[in-house]
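J.: Sequence:
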Amino acid sequence: MPNDVPLIDDIVARFRQRLIDTGAQMRAATSPHEFFRTEREIHQMARELADEYTGSILRGIAADEERTRAAAARLRESTTDRKLALASKGRRSTPVQLLGGTVIHLDASYMCAKRVDGERLPRRGKSGTGVFPVLDELGITDRTTPALRLRVSHAVCEANSVAAARELMEQSGLSVSHRVALRLTYGTADVAIGARKRAIRATREGKDDGEFVGRHVVACVDGGRVRVRTALRGRPPKGGRRKFRRDWREPRVLTIYVLGDDGKRDKKVRSVIDGTLADADDVFALLLFHLRRVGAHRAASLTVVADGAKWIWNRASALRQKLGLSDDVPFHEVVDYFHVVERLYEFARGRRRWSEKRVHRWVHQQKRRLKRGWIDRIIASIRGLLTRTEKRKGSIIDYWLRNKARLQYPTFREAGVPIGSGAVESAVRRVINLRMKSASTLWREEHAEGVIHL
Numbered sequence: 000m001p002n003d004v005p006l007i008d009d010i011v012a013r014f015r016q017r018l019i020d021t022g023a024q025m026r027a028a029t030s031p032h033e034f035f036r037t038e039r040e041i042h043q044m045a046r047e048l049a050d051e052y053t054g055s056i057l058r059g060i061a062a063d064e065e066r067t068r069a070a071a072a073r074l075r076e077s078t079t080d081r082k083l084a085l086a087s088k089g090r091r092s093t094p095v096q097l098l099g100g101t102v103i104h105l106d107a108s109y110m111c112a113k114r115v116d117g118e119r120l121p122r123r124g125k126s127g128t129g130v131f132p133v134l135d136e137l138g139i140t141d142r143t144t145p146a147l148r149l150r151v152s153h154a155v156c157e158a159n160s161v162a163a164a165r166e167l168m169e170q171s172g173l174s175v176s177h178r179v180a181l182r183l184t185y186g187t188a189d190v191a192i193g194a195r196k197r198a199i200r201a202t203r204e205g206k207d208d209g210e211f212v213g214r215h216v217v218a219c220v221d222g223g224r225v226r227v228r229t230a231l232r233g234r235p236p237k238g239g240r241r242k243f244r245r246d247w248r249e250p251r252v253l254t255i256y257v258l259g260d261d262g263k264r265d266k267k268v269r270s271v272i273d274g275t276l277a278d279a280d281d282v283f284a285l286l287l288f289h290l291r292r293v294g295a296h297r298a299a300s301l302t303v304v305a306d307g308a309k310w311i312w313n314r315a316s317a318l319r320q321k322l323g324l325s326d327d328v329p330f331h332e333v334v335d336y337f338h339v340v341e342r343l344y345e346f347a348r349g350r351r352r353w354s355e356k357r358v359h360r361w362v363h364q365q366k367r368r369l370k371r372g373w374i375d376r377i378i379a380s381i382r383g384l385l386t387r388t389e390k391r392k393g394s395i396i397d398y399w400l401r402n403k404a405r406l407q408y409p410t411f412r413e414a415g416v417p418i419g420s421g422a423v424e425s426a427v428r429r430v431i432n433l434r435m436k437s438a439s440t441l442w443r444e445e446h447a448e449g450v451i452h453l
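Numbering follows numbering that gives the first Met the number 0, with no gaps: position 357 of the sequence shown is 356.
Note that these hints are calculated values from the structure, not bench results.
All C-beta atoms in this analysis are idealised placements derived from N, C-alpha and C, irrespective of residue type, glycine included.
Please note that a few of the clues may not be correct.
[Stated by the list, open to error] Restricting the straight-line Cα-Cα distance to at most 16 Å, the calculated cross-link-like pairs of lysine to aspartate or glutamate (EDC-like) are:
(1) Lys-267 - Glu-210
(2) Lys-309 - Asp-397
(3) Lys-196 - Glu-445
(4) Lys-356 - Glu-345
(5) Lys-196 - Asp-281
(6) Lys-436 - Asp-246
(7) Lys-88 - Glu-38
(8) Lys-436 - Glu-249
(9) Lys-113 - Glu-76
(10) Lys-436 - Glu-157
(11) Lys-309 - Asp-261
(12) Lys-88 - Glu-64
(13) Lys-370 - Glu-341
(14) Lys-309 - Asp-280
(15) Lys-266 - Asp-281
(16) Lys-370 - Glu-413
(17) Lys-266 - Glu-210
(18) Lys-263 - Glu-64
(19) Lys-321 - Asp-281
(20) Lys-88 - Asp-106
(21) Lys-196 - Asp-273
(22) Lys-309 - Asp-273
(23) Lys-196 - Asp-280
(24) Lys-403 - Asp-375
(25) Lys-196 - Asp-278
(26) Lys-366 - Glu-345
(27) Lys-403 - Glu-332
(28) Lys-366 - Glu-332
(29) Lys-321 - Asp-280
(30) Lys-321 - Glu-204
[To be verified] If you anchor each label on the Cβ, the simulated ranges turn out as follows:
(31) Ser-380 - Ala-162: 48 to 54 Å
(32) Glu-33 - Leu-231: 44 to 50 Å
(33) Val-179 - Ala-230: 21 to 27 Å
(34) Glu-76 - Val-179: 31 to 37 Å
Build the full structure now, drawing on both the sequences and the hints.
T.: Here's what the structure looks like:
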């Protein structure tokens, strides 16, 4: 193990005088602007110092011949099943951008792959054959460190746009171009989606020491809307821009959280938020995975809250069995109260010659019945107002009949069960509506999936 004390002393010595000078300027500051400038400069020096130390360690790792040979041997072993042979190409210099934004150049061993069966491999791009074994082992790809890629991808996913994300990062000393920011974000998303798929396949039983064991667990599911673009097959036109089709897709978002003693969400326990563009079966497979991961199979109770969508409730009842929840553990299915009230307003406003005052009076009466669990009276009132066409279709009454057991709000309140899905609706609003559903914004499906997950 090398002694890092001299290295640290040398790095600190280079920053000592700058720190002393800036500290003196901060003490002498007589205005908010001067204090603001010196505080930011001190923080910038801290980032530079961290990058300097990280860069020195990486240079030592890249120069370590023994470690390089071991990394190359492990890489060769991992590529045997892919029918690849690796050949050393000596040492090459490669730029690497660190978490603080500093770009260093590393002289590291470089290897190229070729097929043992003689088939040609691409020379560049994602499927290229070149690799720096000792750097690849540390996750240093795309000329960036893993921490930097995660920082950029989080900034891009959380900001309103890539431009806004870049502006925020530049304020903290990190400068990346628009194209690089997108490339790093989509690359990180691909890795995260791949890891999630492997975790779903590997998780077949609940985690007995999960964070949600013994707690009252609530799972919410909801959908949003996002526009995706799909390239059309065929020869590109003269301009070179390939034509594409624009479609609306429904990204599904899920939220899992625990209740505190007061019956509200326990903010001390981190909630689970995830989403996907996949179909309904995949959404519930994802929900089942997260419930197992947090130990919800040993929960004190489990409640599923959602709107009245059939695709949700057709699968919710099977969730208990697949999760392995004990028969003596309460399992509640709840249709979001506010969604039901919205349907009442929608129905009332569809009546001919009803004034807004009459609409509110009728809905207010049904809300009182709803809070008391008098669903049969609501159904009877609706039946008397149906048109012939509505009676023939039967969809309105069918909604109330199939969800009757999920509308027993007095029972749910007595059990301390939430009757609203505001947690997941908030996630849909923040993740889908504010970030992805902007005007004239079109997403490739794989990119949208990754950003939703991140």
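J.: Now tell me, hint by hint, if it's right for this structure.
T.: The hints, checked one at a time:
no.	hint	in the structure
1	Lys-267 - Glu-210	holds, 11 Å
2	Lys-309 - Asp-397	holds, 11 Å
3	Lys-196 - Glu-445	holds, 14 Å
4	Lys-356 - Glu-345	holds, 14 Å
5	Lys-196 - Asp-281	holds, 11 Å
6	Lys-436 - Asp-246	holds, 13 Å
7	Lys-88 - Glu-38	violated, 47 Å
8	Lys-436 - Glu-249	holds, 11 Å
9	Lys-113 - Glu-76	holds, 14 Å
10	Lys-436 - Glu-157	holds, 13 Å
11	Lys-309 - Asp-261	violated, 31 Å
12	Lys-88 - Glu-64	holds, 14 Å
13	Lys-370 - Glu-341	holds, 15 Å
14	Lys-309 - Asp-280	holds, 12 Å
15	Lys-266 - Asp-281	violated, 28 Å
16	Lys-370 - Glu-413	holds, 12 Å
17	Lys-266 - Glu-210	holds, 13 Å
18	Lys-263 - Glu-64	violated, 58 Å
19	Lys-321 - Asp-281	holds, 14 Å
20	Lys-88 - Asp-106	holds, 12 Å
21	Lys-196 - Asp-273	holds, 13 Å
22	Lys-309 - Asp-273	violated, 21 Å
23	Lys-196 - Asp-280	holds, 14 Å
24	Lys-403 - Asp-375	holds, 9 Å
25	Lys-196 - Asp-278	holds, 15 Å
26	Lys-366 - Glu-345	holds, 14 Å
27	Lys-403 - Glu-332	holds, 11 Å
28	Lys-366 - Glu-332	violated, 20 Å
29	Lys-321 - Asp-280	holds, 13 Å
30	Lys-321 - Glu-204	holds, 9 Å
31	Ser-380 - Ala-162: 48 to 54 Å	holds, 53 Å
32	Glu-33 - Leu-231: 44 to 50 Å	violated, 59 Å
33	Val-179 - Ala-230: 21 to 27 Å	holds, 23 Å
34	Glu-76 - Val-179: 31 to 37 Å	holds, 32 Å
In summary, the numbered hints that this structure violates are 7, 11, 15, 18, 22, 28, 32.
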